[in-house]
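K.L.:
Residue-level listing of the chains:
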Amino acid sequence: MDMTLNDEQQAFRDLAREFLDREAIPHRTQWDRDEQVDLAILPQMAEIGFFGLTIPEEYGGLGGDYLTYVLGMEELGRADSALRGIVSVSNGLFGKSVLGFGTPAQKQEWLPQIASGRALGCFGLTEPDTGSDAGNLTSRARKDGDDYVINGQKLFITNGTWAKVALVFARTSDPETQPGPRGVSAFLVPTDTPGFEAREIKGKLGLRGQATAELFLSDVRVPASALLGEEGQGFKIAMTTLDKGRVSVAAGCVGIVQGCLEESVAYATSRTQFGKPLAGFQLVQELISDMSVDADAARLLVWRCADLIDRGEPFGTAASKAKLFASEAAVRAANNAIQVYGGAGYVDEYPAQKYLRDARVMTLYEGTSQIQKLLIGRAETGVNAFV
Amino acid sequence: MDETELRERVDALLAEHPPASTQRMDFLHARFDAGLAWVHFPEGLGGLGLPRSLQTVAEKALYKAGAPDNDPRRIGIGLGMAAPTILAFGTDEQKQRYLKKLWCGEEVWCQLFSEPGAGSDLAGLATRAVLDGDTWIVNGQKVWTSSAHLADRAIMLARTDPDQPKHAGLSYFIVDMHDPGVEVRPLRQITGEAEFNEVFLTDVRILDSDRLGDVGEGWKVANATLSNERVAIGGGAFPREFGMVMNVAKAWRERPDLRTPETHERLLRGWIDTEVARITATRLRQKLAAGVPGPEGSAMKLSFARINQQLSALDVDLRGDEGLRYESWEMRRPTHVDFFGRDAGFRYLRAKGNSIEGGTSEVLRNVVAERILGLPTEHRVDKDVAWKDLPR
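So the sequences go chain by chain: A and B.
Using the numbering used here, the first residue of the first sequence is number 1, and each one after it goes up by one.
Using the numbering used here, the first residue of the second sequence is number 1, and each one after it goes up by one.
Bound-form chain B, shown alone (with noise of 0.2 Å):
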């Protein structure tokens, strides 16, 4: 199918589901059922395994219609992270049985990976699922889980045995968010909402048909979630002056009662270095499409932490007392992170998360050590221990 049939197939289903008369969750079920929801998915899952770079085809032309979308800001985890993993490690019956609700907004996803005790070390989780006749019963802690208060299902990592080595032992399920033994708490965070939450796990039951992937595969399962993760951060080009200096450079602009000599200074090494990792980012992207992937989106993560940081400190500084004031701290759960309709302060605050969440900036400084810089690596002592003979 080239981009002239694929348009004929979304006219097709406008025509025969026109958005005006539709309800929404009809058309998307439509939408999907026609193979318009990830064209890049085969056939009967929605999609019609044509290239990914056709998607924004569909999504144009179907925007130009005025049709309804699957609000995908809501749904991103399950977008972004379960359903590329579903497809890659599932059972035809699990693909069958979740990706399409996923997909329609029906479930809302959350992942639970992270724990207390294994941050940067992920691998090192210690949420035990123990195998009873055909069910998975399972116990544990989970933390810094977007959604998790909203969501219906979860892909999960636990340790299934913990004989073996940490990167061994562990297995992929698909949890229900409704199960008793899941408990949702907030975890309020410095800038006084809750974006994230503590999940705890306790007796929750998982049939071993919800596993993804074989027994004691689980790590690698996880690194498909975790680079599709990566893709999706990696994704659009950026616009010169974009992001947090694109803030500050407006507040420069526009009042002129703010401008000292130093912070003149300070706001134009910020949008150099701004611009230089801009440039990086397209030479990466341009590498990634020449399938020359590389471990340079690190460098850039690490630069933006660094680059996030200095600016909103700018853009408080820069604003003297009114940067001081602080909006509310009435604790909220967004759904989303607002960088730009909050204060300064609010920013400054977030952007203190960037150099921890999504791999610190030491876990990033050792990647670039030693895969680009080919530095020798990080001493390590527990990569063929069972886990259980690991200090915690």
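In isolation and in its complexed conformation, chain A is listed as follows (with noise of 0.2 Å):
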């Protein structure tokens, strides 16, 4: 087994670091109050090939491998949560299903755009009352002609106010004849269609840098070519999307983890009390070494998934693991970070007390981890526990 990276791939990472601690690490407490990063990042993002990740080169993306994909996120979530969240949304939950269901025309359309960072795209399945029961969701699109037409409630949506375009997923189904899953289908639709609206939802625990929306649908007029894949494939649209998307999620954990290493590291052996450095004290070890165990296997469950996916094999259980471990791992070592830097941890200006509310939703988003413990628990015993 070979576990270096490629020259390719190690000049991404470096590359995607430089840039990041550059611009992105010394801004991040202020994005950070002012709710909402600057977006005058994006397309410099864009410029590094943030949002072209995993796109081919002939729709203006960067092409690369799925690992490459991953160690951008995991920079990412070591400099700001909140941008890799963006990213995550736009080129992997919106981009990675228009690359995998859509039409050429549909690809031609949305995915340049995507790739550039001239349009960002969100991803609208959560509703009010669907939030892990996302089959059964109640959002309504109707045939009429040549046409759909979409009403319905959608919540938590990031980038929902800033998008150029929505994947909206609505059931095509009645939901008296055909409820759950399989009426569900999904739909492109540009954010400037009449009767889309979209509301940005302020005071959040953490990820504030990034635009979180509830979107209001009020009879939407989309023709047929904005479906993409078939009517009802939805839900396996947005499944397949999500297997992909938690392996994203967790990379972002990786990077959190990564950080509180290495935000610990540098203040526990710069730091004196007791005439020794705070490193010197067993206590203050145990929490950084921590803090290095989990980097170390969460990185590499990780690396796995992004090696099954690159392979073309299955993934989804091992996407469920990665996320479970590296999304509570990121929850770990953000308080271990606080706890090394004690008072200063506390404060806003510091960087392990923004760490920890980032971190918090991960272990819900995309799957709470008692969602994940259900697909593993599935996975291993062949019973299914989901009521």
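Rather than coming from a laboratory, the hints here were simulated on the basis of the structure.
Among the hints, erroneous ones may be present.
Quick list of in silico lysine-lysine cross-link-like pairs, DSS-like style, CA-CA up to 30 Å [what the hints assert, rightly or not]:
#1 A:Lys276 to B:Lys383
#2 B:Lys220 to B:Lys250
#3 A:Lys373 to B:Lys388
#4 B:Lys388 to A:Lys276
#5 A:Lys202 to B:Lys250
#6 B:Lys100 to B:Lys64
#7 B:Lys250 to A:Lys276
Restraint-style ranges between C-beta atoms, simulated for each label pair [what the hints assert, rightly or not]:
#8 A:Asp129 to B:Ser227: 53 to 59 Å
#9 B:Glu43 to A:Ser270: 35 to 41 Å
#10 B:Ile272 to A:Pro128: 49 to 55 Å
We treat Cβ as the ideally placed atom computed from N, Cα and C, and that holds for glycine.
Join these two chains into a complex; the hints should help.
P.N.:
So this is what it looks like as structure tokens:
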């Protein structure tokens, strides 16, 4: 087993880190306070290639393998999870859905804009009453001549207010006769379509730099060419994309753990108490060594997923394991980092508290830790414990 | 004086200064002068030299009569830390000058101990006080100062002799927070609020008559202050299912839609941990009452920090999407921590401070290891070296 990165992967990681150290890390505290990253960084990120990773060059992407993609997500998570979320959703959830299920025309229309960062995409799956239970969503898309007319409401939609296009999941079946996942379809909806409204949700615990929105769709009319994949294929598209999304979240979490580790080591070796560096205390070394083991373990789980994806193997359960472990590790590492920093860890000028607030949602979105356990349990036992 | 006589004294105060027709501050002055402010203090200083336990008799009788109080939450540091220290180490003149205004709330006090470079290692602090005639000139920086922006006075530790080992070179002062060399800046924390401040001291002038205790005796005086803090924290008895678990259990009972098997298990574990900690606290108080103080308070604080963090995390998980909403990031300067009036996210973030403030969990583990379990002490390299020669 060869776990060395090739020259291209290494070069991308170095480029990404150098860029983010210079352009993101010095500003992340202020973005967090402002509840918005400086959007001027997005075109620069596109230039580095963040929005074009794994998108083929014919669509203006950077190409590259999935391992390069997770390296990018780790670097973004290490720098600022708000940026990671913007990329994960636009390139990952939106872009990969189009790449995997779009017609040539749909790919031509949207992927070059996404890959170049000229447009952001968002992913309209979650609804107020269906978080973990996406198969029972209630937004409706009714056929009207050659068009579809969509009505419904979506919640916690990253990029919602900034996106040029939304992938909206809505039910094309009659909920009375055909409830559940098989009646769901996916639509590519430009956000300037009449009847489409996005309202930003302010006051989040973490990921404050990225826009999170509620979407309201009132008689939004789209042509049949907006349908992604086939009617009734929406849930499958969502789940396939979310499997990869989990790898992306997990990779971002590796970055959080790595960031917490690096910040903690820097602080513990530079601050002196009782006549010796903090790093000279055994209990502080315990906090740091736990982070170090978690960083390695989480990264290896993520790289295994990338390897499976690059070889075209099934990776769903591996993705659940990586996402479960890495997200829980991110929360642990951020707690440890606060503890290493002591009082400074509690102050908003230092990065530890932001890592913690950003990490907190990682165990919840794109499948809670509890959902991941049910997926892993089902794979291990063959018994479905979903109710 | 016994309880009956104390009650008569309260009645006499109320008859002479009826709360309904007396200005609040006039009443507080009269109460202080009658020795009913803190009955365990000496006569002439707001007390009657009575056992501390009789204080509640006076408080209850005054409360029942609708008498105004001194808003103790606003002046907690003065009452809990400055006053007992002034009483123990102050000169007669200092006691006369400071205690009445302190108790009545006419002067708010804060505490200038911690520094950016001296947190757990408080005795390593670097703020310098240099004597110039009869005046000390103070330069340095303090941090984690609650109420500094409201305070009129402060108790402060400063280094007066850097050639001594760190514990021996400290002295203890009373600072006028209105001195032009005092600058207070809010310290915004993980919750978005600023409960605390940074305090910058530039050529602050303190008369030698505002020193508490002898020069070089600052550590001894500070320990008296801090042990009073611990008495205050270790105070009242807790009811069953109190604090953080109360809140989560309430949500569990009222919101069946939130329940899952996993959160149920975590709630029960937290409930049991809380109950164990509560019973341990009761035992600790009984030992203190019997005159057997011990380091068990450190173990208690360690437990409560862990329980608070686990249960506040459960609180967020239990509430799902709602748990991730945060009501406001506006920078506020609250006068006290309102754990239960805020949302779950606030409690989750605020509880992160519990394993840091007032002794980190790592320091407390050392205390438990050394003083309860009798394990060998942490190797200390800094105890007998002149402070100026220590690495910083």
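K.L.:
Next, verify each hint and record whether it holds.
P.N.:
Comparing the hints with the structure gives:
This hinted pair checks out: Lys276 of chain A and Lys383 of chain B have alpha carbons roughly 12 Å apart, not beyond 30 Å. For the proposed pair Lys220 of chain B and Lys250 of chain B, the alpha carbon gap of about 45 Å is over 30 Å, so the pair is violated. In summary, the hint linking Lys373 of chain A to Lys388 of chain B is not supported, as the alpha carbons are separated by about 56 Å, beyond the 30 Å threshold. Taken as a hint, the Lys388 of chain B and Lys276 of chain A pair is honoured in the structure, with Cα atoms around 14 Å apart against an allowance of 30 Å.
For the hint linking Lys202 of chain A to Lys250 of chain B, the alpha-carbon distance of about 27 Å falls within 30 Å, and the restraint holds. Between Lys100 of chain B and Lys64 of chain B the CA atoms are separated by roughly 23 Å; this keeps the pair inside 30 Å, and the hint holds. For a cut-off of 30 Å, the pair hint linking Lys250 of chain B to Lys276 of chain A is broken: about 46 Å separates their Cα positions. Checked against the hint of 53 to 59 Å, the C-beta distance between Asp129 of chain A and Ser227 of chain B comes to roughly 55 Å, which is consistent with it.
At roughly 54 Å, the beta-carbon separation of Glu43 of chain B and Ser270 of chain A lies outside the given 35 to 41 Å, and the hint is violated. For the hinted restraint 49 to 55 Å between Ile272 of chain B and Pro128 of chain A, the CB-CB distance of approximately 35 Å leaves it violated.
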